[in-house]
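Participant: Once you have looked at the hints, place chain X on chain E.
Chains as they are written, first to last, in my numbering: chain E, 1 to 406; chain X, 1 to 406.
Any given hint could turn out to be false.
Since copy identity is lost for identical chains, a pair holds within one copy or between any two.
[Claimed, not checked] Under the rule of at most 25 Å between Cα atoms (straight-line distance), these lysine to any residue pairs were calculated in the SDA-like manner:
#, residue 1, residue 2
1, K223, V116
2, K56, G45
3, K358, R91
4, K387, E119
5, K55, L16
6, K118, D106
7, K142, R24
For the record, the hints were derived by calculation from the structure and aren't laboratory data.
2 protein chains.
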Amino acid sequence: MPLIVQKFGGTSVGDLERIANVARRVASRKEQGNDMVVVVSAMAGETDRLINLAKKITPAPNERELDVLVSTGEQVTVALLAITLESMGYRAVSYCGWQVPIVTDDAYGAARIYDVPKEAMERDLAEGRIIIVAGFQGVDGKRNITTLGRGGSDTSAVAVAAALKADLCEIFTDVDGVYTTDPHITGKARKIGKIAYEEMLEMASLGAKVLYIRAVEFAMRYKVPLVVRSSFNDHEGTLVTEESSDMEKESVRAVTCNTKEAKITISGVEDKPGVASRIFSALADSHVVVDMIIQNSSAEGKTDISFTIPEADLGKGLEICRGIEEYFQAENINGCEDIAKVSIIGLGMRSYSGVAAKMFSALAREGINIEMISTSEIKISCVIRQKYAELAVRILHDVFELDKAT
Amino acid sequence: MPLIVQKFGGTSVGDLERIANVARRVASRKEQGNDMVVVVSAMAGETDRLINLAKKITPAPNERELDVLVSTGEQVTVALLAITLESMGYRAVSYCGWQVPIVTDDAYGAARIYDVPKEAMERDLAEGRIIIVAGFQGVDGKRNITTLGRGGSDTSAVAVAAALKADLCEIFTDVDGVYTTDPHITGKARKIGKIAYEEMLEMASLGAKVLYIRAVEFAMRYKVPLVVRSSFNDHEGTLVTEESSDMEKESVRAVTCNTKEAKITISGVEDKPGVASRIFSALADSHVVVDMIIQNSSAEGKTDISFTIPEADLGKGLEICRGIEEYFQAENINGCEDIAKVSIIGLGMRSYSGVAAKMFSALAREGINIEMISTSEIKISCVIRQKYAELAVRILHDVFELDKAT
Numbered sequence: 001m002p003l004i005v006q007k008f009g010g011t012s013v014g015d016l017e018r019i020a021n022v023a024r025r026v027a028s029r030k031e032q033g034n035d036m037v038v039v040v041s042a043m044a045g046e047t048d049r050l051i052n053l054a055k056k057i058t059p060a061p062n063e064r065e066l067d068v069l070v071s072t073g074e075q076v077t078v079a080l081l082a083i084t085l086e087s088m089g090y091r092a093v094s095y096c097g098w099q100v101p102i103v104t105d106d107a108y109g110a111a112r113i114y115d116v117p118k119e120a121m122e123r124d125l126a127e128g129r130i131i132i133v134a135g136f137q138g139v140d141g142k143r144n145i146t147t148l149g150r151g152g153s154d155t156s157a158v159a160v161a162a163a164l165k166a167d168l169c170e171i172f173t174d175v176d177g178v179y180t181t182d183p184h185i186t187g188k189a190r191k192i193g194k195i196a197y198e199e200m201l202e203m204a205s206l207g208a209k210v211l212y213i214r215a216v217e218f219a220m221r222y223k224v225p226l227v228v229r230s231s232f233n234d235h236e237g238t239l240v241t242e243e244s245s246d247m248e249k250e251s252v253r254a255v256t257c258n259t260k261e262a263k264i265t266i267s268g269v270e271d272k273p274g275v276a277s278r279i280f281s282a283l284a285d286s287h288v289v290v291d292m293i294i295q296n297s298s299a300e301g302k303t304d305i306s307f308t309i310p311e312a313d314l315g316k317g318l319e320i321c322r323g324i325e326e327y328f329q330a331e332n333i334n335g336c337e338d339i340a341k342v343s344i345i346g347l348g349m350r351s352y353s354g355v356a357a358k359m360f361s362a363l364a365r366e367g368i369n370i371e372m373i374s375t376s377e378i379k380i381s382c383v384i385r386q387k388y389a390e391l392a393v394r395i396l397h398d399v400f401e402l403d404k405a406t
Numbered sequence: 001m002p003l004i005v006q007k008f009g010g011t012s013v014g015d016l017e018r019i020a021n022v023a024r025r026v027a028s029r030k031e032q033g034n035d036m037v038v039v040v041s042a043m044a045g046e047t048d049r050l051i052n053l054a055k056k057i058t059p060a061p062n063e064r065e066l067d068v069l070v071s072t073g074e075q076v077t078v079a080l081l082a083i084t085l086e087s088m089g090y091r092a093v094s095y096c097g098w099q100v101p102i103v104t105d106d107a108y109g110a111a112r113i114y115d116v117p118k119e120a121m122e123r124d125l126a127e128g129r130i131i132i133v134a135g136f137q138g139v140d141g142k143r144n145i146t147t148l149g150r151g152g153s154d155t156s157a158v159a160v161a162a163a164l165k166a167d168l169c170e171i172f173t174d175v176d177g178v179y180t181t182d183p184h185i186t187g188k189a190r191k192i193g194k195i196a197y198e199e200m201l202e203m204a205s206l207g208a209k210v211l212y213i214r215a216v217e218f219a220m221r222y223k224v225p226l227v228v229r230s231s232f233n234d235h236e237g238t239l240v241t242e243e244s245s246d247m248e249k250e251s252v253r254a255v256t257c258n259t260k261e262a263k264i265t266i267s268g269v270e271d272k273p274g275v276a277s278r279i280f281s282a283l284a285d286s287h288v289v290v291d292m293i294i295q296n297s298s299a300e301g302k303t304d305i306s307f308t309i310p311e312a313d314l315g316k317g318l319e320i321c322r323g324i325e326e327y328f329q330a331e332n333i334n335g336c337e338d339i340a341k342v343s344i345i346g347l348g349m350r351s352y353s354g355v356a357a358k359m360f361s362a363l364a365r366e367g368i369n370i371e372m373i374s375t376s377e378i379k380i381s382c383v384i385r386q387k388y389a390e391l392a393v394r395i396l397h398d399v400f401e402l403d404k405a406t
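So that you can see chain E by itself, here it is in the shape it has in the complex (with noise of 0.2 Å):
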């Protein structure tokens, strides 16, 4: 029998009725002959409400008790889930991340999956149940309640169709799949049919909105086929597979667009060995993830270096420079929020040429200047001022053909 795990997020489950229709959706596919786990987030709101909470005793609350309270949001939905699909004549059992468990590491509110054991829930479906899982929980070594971070409940659906070897593992959200670019920013976004793993990869790191990285990569590892689609409509969705000869064949899959990274040039430093790694050892212990680094020699032995890190992490990030600007002896130590990021994504890329230089000219010919440019096997981005970001992202979009299905 087929085995398929949905998971469902916060707004398809925000309300009763809500989970009545979720509850409804999982018993048809159970109808149509399929073994079925659901994987579900807390309500909407709910898990802010708990934080509020927590954190009107205190600003920083302990880490490992404000996982054991936030986590009682998702306990909260499987129950009502499970009593749901009971109350319609199913029978259904609801298990808390412990309960599966969803075993990680300890890192409170940030965990990791690393195993999760699949006896316990293959007894349930022998015996013809629906599975509810928690997301975004688990359980470290010592039975610890963990919550995995943002994202959580899309790693733990896709953890869990990992484990049980589920033949497809569909993400409900409130989009319809995964666009080449985002339909806010120009109207000939076009939903892509099937994607590979890694341009979902890249696309969830460039600021794709849709899926986590994390679940990407847990996808990727254990080849989960991953369908992502809209829990308010019965539309087909986007496919996340395996690179396959039948996938689209264009050299650019997607374009994508971050405004939420902020960059820090430091200008005039000494060119010596060693510069670079006193100042991005001092990020790196201070937890300030760099993205793109650029280093420029110019004349008279100096050099600048620029780097991009997120926007909330400006103020840190430029503290620590200047708290060690005394190794550097740098003109200058400047920050930048006025920033975006626009990449374009695509296996294609492996194989085309000119690829970059038609990225690039037909920035140039809108006037838009590139400040920094980075570059992988299957993406292309490039830093430019925040104004032209929207802009930018509707001419690679057109320059690319992206509208166009093959």
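Facilitator: Same frame as chain E, now just chain X:
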């Protein structure tokens, strides 16, 4: 180091401010040099809110899932209390029922505790941590979440105290202790300083609401010294402990009153073997708990059988009796809610004679008719018309001079 277990009910942890009060109370005991374990209920109203959510889905929610749902209530409280204590600079750690674990049978909604392994808690205590345990909940042998039913948190506290061989188990509630009778009925009611487990058990069974029967049973079995006291002041409470020579010497310790029972009378029944067995087996099969039973032989080979059951079960009880009427051909089956059971309790009754006579004549003097009588070694209960209930309590309180301490 002395070990104290403290239990706080839903009202005592009803909001963040009250949780902070509880934290201060716990901390001050810790500062006095005690090891501390705290058992808490869900915040007032939370359990009802969750049950109502489930009942909106279906009037009869799946019992396993209902326990998953409502157990989130205490989980929120333990996390918030631990966060509060940590923010005050104490080391605290919360335990859900499954983390202790509080091992129970699988009777969802009314589970019985059968084991509380102490190893994990002892490790945390040895490291100086204040332990916060979620009351009311446990886990069965198959890792299903269970709840203990009404008064469950009291039972959790006593079970944890028994497991850890605590020096004291303090039950904080909204009254100052155990009274000679309900202070709402007579201003002469007096707080009892020290009372024996057996007396407390009878009082709990006979309608005193201050402690739940199971908790007292557990305390008696494992000889856990219990103190009942107010969470809103520092008054000394009532110590519930083993009978000792320094206890007050009165024949009668307290008067209780229960108006939540109903009486069924089956009159004119054929007086032949097996009739009572048939009736009470049928009631037991439907989980109707019978309290007092009286059978009077009457003329012509006929008999009357009267018994009391919880008021809420009256409809069900009548239905059951009428359903099997053909077996005993009664002349009449009547239900009556208009009754009260007034009881006097005291270990001293074992050695004093004339207590029953004193009770009956006191009631007779006021013209109160006794409809049923039931006795044990340490209590006498009379069923009377409900309108006389408070009068009877006041008379008995006076006659046995319960307002006077020895």
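Participant: Compare the structure with the hints numbered earlier in the document and write down the numbers of the violated ones, lowest to highest.
Facilitator: Violated: hints 3, 4 and 7.
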